[in-house]
Amino acid sequence: MEDALILEFQQLKVSVLKKLEKINATINKSNLSSPSKEECRKKVSEDLIVIPKTPDNSPVQGYLKAVEAQRKIGVLNNVQARLKKIEDFAVQQEVNKNKQWLQKQKEFVNDIQQKEDHIFQALEEYDKSSLNNHAQLALYYKNLELRRQQHENEIKNREKEKQILCGYIDKIKKLQHSFRSSYEQILLNLKRCTKIEELKTMLADDFKLLNALRPNFDGIIIKCKNGKISEEDVEKASELFAQLQLLEKKICQSVVQINNKESKVEVEIVKEPPPKPDINVSKYASIANLKIYINLMEFFDKYLQNFKKLETDTSQKQFILDCKRAINIPVNSLSGVNSEHILDKYNKLYKLLKGQDVIISDKRINASSHPEGIPFCLNLLAKRFILQSDLIISSNPESAFCYATVIMSLWNEFPEFGQLMLAYFYKTCPYLVPYYVSRQVGESDEEYYSRQGYQYNNGQIETQDKFLKRMTGVMCLYAAIMVVKPKKGHTNVYNIKNGWNWLAATLKLEPQVDITATLIHTFLETVGFELEMYYGKTFQKLIRIIAEKFLPSCREKCTGGAVTRLELLMTEYYRNRKFEAPDGYLSYYYW
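Read left to right, the sequence shown gives residues 1 to 591 (full-length UniProt numbering).
Keep in mind that the hints were calculated from the coordinates and are not lab data.
Hints may be right or wrong, so weigh each one.
[To be verified] Label pairs and their computed distance ranges (CB to CB):
1) D127 with A90: 53 to 59 Å
2) S361 with Y141: 54 to 60 Å
3) S182 with N157: 34 to 40 Å
4) V493 with D218: 45 to 51 Å
5) T538 with K174: 47 to 53 Å
6) S369 with P552: 46 to 52 Å
7) K142 with D583: 46 to 52 Å
8) N110 with G74: 49 to 55 Å
9) N332 with L304: 21 to 27 Å
10) E159 with Q440: 54 to 60 Å
11) E235 with Q464: 36 to 42 Å
12) K156 with T538: 53 to 59 Å
13) Q464 with D583: 24 to 30 Å
[To be verified] The calculated DSS-like cross-link candidates involving lysine-lysine, where the alpha carbons are at most 30 Å apart (straight line), are:
14) K557 with K236
15) K291 with K427
16) K174 with K142
17) K85 with K72
18) K324 with K363
19) K174 with K557
20) K228 with K469
21) K324 with K351
22) K487 with K324
23) K354 with K156
24) K174 with K541
25) K128 with K173
26) K469 with K354
27) K156 with K171
28) K228 with K160
29) K487 with K497
30) K469 with K578
The model shown is predicted, which means the values in this text are computed figures rather than measured ones.
No residue lacks a Cβ here, since even glycine has one placed at the ideal position from N, Cα and C.
Could you build the full structure based on these sequences and the hints that come with them?
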């Protein structure tokens with residue numbers, strides 16, 4: 001009986017433990033989904049151990065009821081305790097989630113705040129840097145503007161000083177010309193004096209002053225060359241010239257008195273007529289070249305008489321104007337663009353000089369309609385080509401060859417035109433003979449410099465730079481004529497042999513200031529390649545003479561620019577061992 005009771009109790013214990021294990025498993029799953037209290041209680045009630053029914057008359061029925069009641073109370077307490085833990089755990093979980101969310105939110109806000117602080121700090125630093133850079137840039141441009149204004153002011157001041165200096169130099173030049181003329185007149189009067197020793201005794205103090213005036217005035221001229229002239233020097237030059245004028249007057253009067261005493265006849269002191277150029281002086285020109293020059297000038301003077309009546313006939317003004325247009329339009333538009341263009345301009349000029357009709361601006365022109373028309377046009381065309389050397393070729397040397405090829409082609413057809421070209425070349429630049437014009441006694445400065453090729457405008461001589469540039473254009477055209485290939489069927493009647501003669505003759509003369517070095521430089525640049533091809537080793541010997549003998553002589557008389565350019569050309573020649581053909585050269589029968 002007792003054993004049966006214990007067995008039933010063990011079965012009850014096992015049943016309770018199994019039910020409790022199920023309850024625990026259900027509680028452990030509460031992390032995923034927590035059941036409500038009612039659900040738990042219902043579940044527990046369903047899972048309560050059902051004690052096997054025993055007969056009411058069982059001896060253990062009372063004991064089992066007591067145990068069952070205790071068991072139920074214990075299970076309910078355990079369930080309630082477990083539910084309490086579950087509720088506390090859920091609450092704690094919610095609290096922890098809220099804390100975590102608040103912490104993350106706080107961290108996020110702090111991070112955003114830090115980033116904003118960094119951005120604001122960077123913006124402040126950028127603003128400060130920008131302001132600093134802007135200030136530096138503004139200061140830089142301000143300093144730059146100040147320097148620019150300062151530079152402009154310096155340029156204006158230098159230009160003003162230069163103008164003032166040029167004004168002083170111009171005044172000195174005028175005084176120099178007058179001083180020289182007055183001094184030469186004094187020398188002429190001294191030659192007229194029959195008793196020069198008596199005159200020196202009579203005017204001993206005046207002669208001392210005369211001997212001192214020339215060096216003093218030359219000292220002022222040296223200052224002009226060095227660019228260190230002042231207003232005081234101009235005043236001093238004026239005083240020296242005034243003193244010289246007084247001496248000239250006094251010496252003239254004294255010479256007249258002495259000569260009157262000697263001959264008892266009043267003699268009027270006059271200037272001697274200008275003597276003819278001394279053609280025997282080798283430093284000016286060779287006799288052969290000077291004879292050619294004189295003969296050409298005689299031809300030129302006679303040729304001008306061929307249309308003298310036409311130029312003075314007022315009724316022929318329109319004819320003269322038409323002839324000028326028929327020449328100027330083709331010459332002005334001439335260029336080396338292509339052979340057809342050159343041929344068109346040549347044909348118009350050829351027809352005009354042949355006395356044929358030429359259409360210019362829808363107008364028919366015929367030079368032979370007047371007896372003196374063709375000579376007039378030949379002379380006008382030669383003069384116009386020389387003018388182009390100043391207007392065009394001096395700034396654009398390569399254009400010389402298109403003019404030269406037309407000139408040489410017309411030279412073949414009209415020999416008189418070629419002689420007129422040479423005459424204008426020599427009149428414009430006598431250094432092409434070569435002939436160095438000597439000053440004649442009593443000749444004015446304007447007459448003397450004009451014969452050298454200088455131009456005057458309102459009594460003012462052109463600057464040396466302008467003169468050299470113009471002479472460069474003339475030489476370029478003159479040299480180009482010697483090497484161009486004329487129209488098919490024509491020959492070059494003024495070939496490179498004339499260039500060789502000019503160069504050899506020039507090197508025998510004493511170099512003149514700047515002009516000689518300038519012309520030789522232009523000549524070699526233009527036809528040096530042709531001379532070397534034609535004369536070979538003989539030409540190379542001539543080049544050595546230029547480098548070793550002529551250039552040292554030039555340095556003593558010429559300024560730096562002209563000699564330096566020639567020296568550079570020689571250096572380039574020795575480096576390349578040849579002269580290159582110039583730009584614009586027509587190396588074949590172009591048209």
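Hint-by-hint comparison with the structure:
Between D127 and A90 the CB atoms are about 55 Å apart, so this pair conforms to the stated range of 53 to 59 Å. In this structure, S361 and Y141 meet the distance hint of 54 to 60 Å, their C-beta atoms being roughly 57 Å apart. Against the hinted window of 34 to 40 Å, the Cβ-Cβ separation of S182 and N157 comes to about 37 Å, which satisfies the hint. Taken as a hint, the range 45 to 51 Å holds for the pair V493 and D218, whose Cβ atoms sit roughly 49 Å apart.
Judged by the Cβ atoms, the range 47 to 53 Å given for T538 and K174 holds: they are separated by roughly 49 Å. The beta-carbon spacing between S369 and P552, approximately 59 Å, falls outside the hinted interval of 46 to 52 Å. At roughly 48 Å, the beta carbons of K142 and D583 sit within the given window of 46 to 52 Å. At about 52 Å, the beta-carbon gap between N110 and G74 stays in the expected band of 49 to 55 Å.
With their beta carbons about 24 Å apart, N332 and L304 fall inside the hinted range of 21 to 27 Å. At about 39 Å, the CB distance of E159 to Q440 disagrees with the hint of 54 to 60 Å. The given range of 36 to 42 Å is broken by E235 and Q464, whose C-beta atoms sit roughly 26 Å from each other. Taking 53 to 59 Å as the suggested C-beta distance range, the pair K156 and T538 conforms, at roughly 56 Å.
At about 27 Å, the CB distance of Q464 to D583 agrees with the hint of 24 to 30 Å. Pair hint K557 plus K236 holds up; C-alpha atoms about 28 Å apart against a cutoff of 30 Å. Restraint check for K291 and K427: satisfied, since their Cα atoms lie roughly 15 Å apart, inside the 30 Å limit. With a C-alpha separation of about 47 Å, the suggested pairing of K174 with K142 is violated against the 30 Å cut-off.
At roughly 20 Å between alpha-carbon atoms, K85 and K72 fall within 30 Å of each other, so this suggested pair holds. Distance check on the hinted pair: K324 and K363 sit about 13 Å apart at the alpha-carbon level, within 30 Å; holds. Distance restraint check for K174 and K557: the Cα-Cα separation of roughly 23 Å lies within the 30 Å cut-off, and the hinted pair is therefore satisfied. The straight-line distance between the Cα atoms of K228 and K469 is roughly 26 Å, inside the 30 Å bound, and the hint therefore holds.
Restraint check for K324 and K351: satisfied, since their Cα atoms lie roughly 14 Å apart, inside the 30 Å limit. For a cut-off of 30 Å, the pair hint linking K487 to K324 stands: about 24 Å separates their Cα positions. Restraint check: the Cα-Cα separation between K354 and K156 comes to about 57 Å, which exceeds 30 Å; the hinted pair is violated. Taken as a hint, the K174 and K541 pair is broken in the structure, with Cα atoms around 45 Å apart against an allowance of 30 Å.
Proximity of K128 to K173 is assessed by CA-CA distance (about 66 Å); at most 30 Å being required, the pair is judged violated. Taking the CA atoms of K469 and K354, the gap is near 35 Å; set against the 30 Å cutoff, the hint is violated. For a cut-off of 30 Å, the pair hint linking K156 to K171 stands: about 22 Å separates their Cα positions. Proximity of K228 to K160 is assessed by CA-CA distance (about 15 Å); at most 30 Å being required, the pair is judged to hold.
Restraint check for K487 and K497: satisfied, since their Cα atoms lie roughly 20 Å apart, inside the 30 Å limit. Taken as a hint, the K469 and K578 pair is honoured in the structure, with Cα atoms around 26 Å apart against an allowance of 30 Å.
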